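Engineer: Read off the chains here:
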Amino acid sequence: MKKRVVITGVGLVSCLGTSSALFHRQLCEATDSAGRTEEHDPQAARTPLPGRISCFEPELYLKGRSLRQIDRTGQLLASAARMALENSGWTAEALTRNDVGLVLGTMFGSMHTISEFDRRCLVDGPACVSPMNFANTVINSAASQTAIWHNLRGMNSTTSTGATSGLVAIGYAADLIRCGWQTAVLAGGADEFCFEASYGLERAGLSCKAGPEEECFTPFDSQRSGIRLAEAGALLVLEDGDSALHRGATVLGEIRGHANAYDPKWNRPGHGAGGIIRTMGGALKDARLSPREIDCISAGANGSVAGDRNEGLAIKTVFNGCSAKVPITAIKSGIGETLGAAGALQAIDLLETMCSGRLPGIAGLDQVDAELVDLNLCFEPTCVDVNSGLISSVGFDGHACSLIISKPEAQG
Amino acid sequence: MTNSSAVAVTGLGVVTSIGTGRQKFWDAVLDGRCGFGPVKSFDTGDYRVHVGAEISDFCADDYVLELQSASIGRTSQLAIAASRLALQDGFLDLSSVDRSRVGVYVGTTSGEPHCIERFDERYVQGRMDEVGAEFLNGYPCHVVPFHIAHELDLAGEAMMIPTACAAGNYAIAHACDLLGHGKADYMLAGGADSFSRITYTGFARLGAIAPELCQPFDRNRKGMIPGEGAAILLLEPTTQAVARGARIYCEIAGYGLSCDAHHMTAAHPAGEGAARAIRLALQRSGLEASDVDYISAHGTGTLTNDRLETIAVKKALGSHAYNVPISSVKSMLGHTMGAASAIEAAVCALAIAYGRIPPTMHWRDRDSECDLDYVANTARNHEVRVAMNNAYAFGGNNSSLILTTCACSAA
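Same order as they appear, the protein sequences are chains E and D.
For the first sequence, position 11 matches number 11 in my numbering, and the numbering has no gaps at all.
For the second sequence, position 195 matches number 1195 in my numbering, and the numbering has no gaps at all.
Source of the hints: derived by calculation from the structure; they are not laboratory data.
None of the values given here were measured: they were computed from a predicted structure.
Any given hint might turn out to be false.
[As the list claims (entries may be wrong)] Facing chain E, a subset of chain D residues (Cβ under 7 Å, in silico): (1) Val-1039; (2) Ser-1041; (3) Tyr-1047; (4) Phe-1135.
[To be verified] DSS-like mimics (lysine-lysine), calculated; alpha carbons at most 25 Å apart, straight line: (5) D/Lys-1024 with E/Lys-2; (6) E/Lys-2 with E/Lys-407; (7) E/Lys-325 with E/Lys-265; (8) E/Lys-407 with E/Lys-285; (9) E/Lys-265 with E/Lys-316; (10) E/Lys-2 with E/Lys-265; (11) D/Lys-1183 with E/Lys-265; (12) D/Lys-1024 with E/Lys-3; (13) E/Lys-3 with E/Lys-285; (14) E/Lys-316 with E/Lys-285; (15) E/Lys-285 with D/Lys-1314; (16) D/Lys-1024 with D/Lys-1040.
The C-beta atom is built at its ideal place from N, Cα and C for all residues, glycine as well.
With these hints in hand, go ahead and build the complete structure from the sequences.
Structural biologist: Structure, rendered in structure tokens:
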């Protein structure tokens, strides 16, 4: 019999901070037009424009060793890992007795380190490059560095499927637990904000138009013009349900099913939603749930003109008959497109939604794309009792992933 | 009786510096041919070492038929070639299968390094305005499996697993899990890497590149020789392979993956993590140490790797370590990075199918710390029922894959 996969902890570093509750609250408050409550923190309500995290202090989380040996993607991931392990009650002592695994999802991995290493070689010659920096040029260096920092001796893998990498990593890790190969795995993703990524996205025409008047990266909005790149590191602690119970861990949610697929016809007119439809259907099948049993959707929509529309059309197709009812949020106008980290951040927000009963609205949503007006896109925070939620992630080049999380009580 | 989740290897596609295609590669490996030569893809004038294992006779247009070969990187080209060869070798006609149930998992160290190298050249030359959409569309490593899927019109899962020099084993292992879950009917799984200035520079700076020859396990070994290549295995459930009358090279019986969590470039000094991966692989395959008939070693030819791999094999297999023939085809192909363990998995499959073990070339003098049977310099006839494929990577990532004869294939 396949094992149950539960979530026992989360950790994140994002432009909306490092606390999952505050992260969720800020996403809710950014779209809350109703009167603020007394506990409202005006500082928290003004969500900063996503991009490079200005207040990230890795030394708060990574103590005792030089941070010079670990690049920014690695620092984001290792910091998130520290918080996730603490949140789920994994002590350093427990990590010496158990082989905890790690699956990282990343689109660019160590690209900035690679490029700097190469440019140094081009300018100063091969004798001047640092061997230590070379070790960090492998695409999975963030996962390896995080394992070294936290003594994670289980299976250590990295997956890359573009902007969907983080959600794919969570599904990958869930399967390792389902098979019985691992009892506990940290899974999620990280990508740093760097010049190479930012320039590449812009030259590929994927970034939103610049300028205060024109800049619109609001998911599903008719004025959207592309993505806004940001950075984050985010991880979930996944565990075998029985082991989590045995060690007395708090269960935050359960991974019920997932699917991902590539659509080779993605860039042909009229074909863009095909892969997304298959992954949403596949995740429901894997979870043995019907569309009517999904209480909310966290869309991967990021302001991409084609991507958001395809995702919306896919929701209409898969949730045919109930798509006008199921509330849909999309958090990337609040946090930007964080690539590898995005799927885990959506999952963290969904867990908070399950706990608080409040689904954030889509920040900045004004005029909905004409083709998507019959979807229940949330303009404001919505009160909703979520037993099961679907997270969708859509890449820039034909890949899609869906994953379903349920409340722990939802299981009989 | 076939285990319902057993996975069979039914097609092999190999692109290497000593031969492309299953038969040419196998003949060359058994012959002990070498792919080393002066590096041609960039100027090594400022380096102390000048040798590499590049593929000189590869013509992308022979294999890249749907995409524009010039619009994709060399790693994608090599990987597409290996995929087409694997399908051909497995006699699988894609028009007869549900393409949404055919997936692609590839491992790599560098993905498409030439794209970032060109980006960097433009940066230092102040020609950044020449960078167009091709950089983002061509560089991120996930494009390699996507290009394969696009070229072959496959709509199943596609994923890059960039776990450096052990990546091929990781991709094959994860593909087996996906097949075991019933989420795919066929998987193309393996690894690919193209010759990279960045990788060459890094290993040169670490002092890990041999000046002339790669001599794994030899007392006077001087290091590895960077190379390039691709290998893709066609994997499918054994029950399905038997039903369609496919030729079955072997089954993938299990795998073990572990992390040293010790150091980015230095393996654990006692070979702990590597030994743990071997034990896990045997345990999950339901086998004993004494069942292992052949080991395809990581065997890079560096002083440390070969010594620690020997320690790990002894630690995990006990006295049986002295009875098992071990060879490293890196002595002929060089280190093909993320492709290496996929190529070596193909070697294991062929060793099982043909009862022949390739040699470790250039072995001359015994090292007191490497005192096992390394099949020195000449191929050997040897019945292989259980083969183990070891691969290790930066960050202390260890992998062992177990391949076994398929009881059904004899029928």
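Engineer: Take the hints in turn and mark each one as holding or not.
Structural biologist: Results for each hint:
Because the closest C-beta pair between D/Val-1039 and chain E is about 12 Å apart, greater than 7 Å, the hint is violated. A cut of 7 Å between beta carbons decides the hint on D/Ser-1041: the least distance to chain E is about 14 Å, and the hint is violated. Because the beta carbon of D/Tyr-1047 sits about 6 Å from the nearest beta carbon in chain E, less than 7 Å, this interface hint is met. Contact between D/Phe-1135 and chain E, as hinted, is supported at the beta carbon level, the nearest pair being about 5 Å apart and thus within 7 Å.
Restraint check for D/Lys-1024 and E/Lys-2: not satisfied, since their Cα atoms lie roughly 43 Å apart, outside the 25 Å limit. Of the supplied pair hints, the one linking E/Lys-2 and E/Lys-407 holds, its CA atoms being roughly 19 Å apart against a limit of 25 Å. Distance restraint check for E/Lys-325 and E/Lys-265: the Cα-Cα separation of roughly 30 Å exceeds the 25 Å cut-off, and the hinted pair is therefore not satisfied. A distance of roughly 18 Å separates the Cα atoms of E/Lys-407 and E/Lys-285; the hinted pair therefore holds under the 25 Å criterion.
Between the alpha carbons of E/Lys-265 and E/Lys-316 the distance comes to roughly 20 Å, so the proposed pair stays at or under 25 Å and holds. For the given pair, E/Lys-2 sits about 34 Å from E/Lys-265 by alpha-carbon distance, which is inconsistent with the 25 Å threshold. Straight-line distance between C-alpha atoms of D/Lys-1183 and E/Lys-265 comes to about 21 Å, which keeps the hinted pair within the 25 Å bound. As the CA atoms of D/Lys-1024 and E/Lys-3 are separated by approximately 45 Å, the hinted pair breaks the 25 Å bound.
Distance restraint check for E/Lys-3 and E/Lys-285: the Cα-Cα separation of roughly 17 Å lies within the 25 Å cut-off, and the hinted pair is therefore satisfied. Using a Cα cut-off of 25 Å, the hinted pair E/Lys-316 and E/Lys-285 holds, with the two alpha carbons roughly 17 Å apart. A threshold of 25 Å between alpha carbons decides the hint, and for E/Lys-285 with D/Lys-1314 the separation of about 46 Å lies outside it, so the pair is violated. Only pairs whose Cα atoms come within 25 Å are accepted, and D/Lys-1024 paired with D/Lys-1040 is accepted, the gap being roughly 23 Å.
Taken one by one, the earlier hints fail for this structure at numbers 1, 2, 5, 7, 10, 12 and 15, listed in ascending order.
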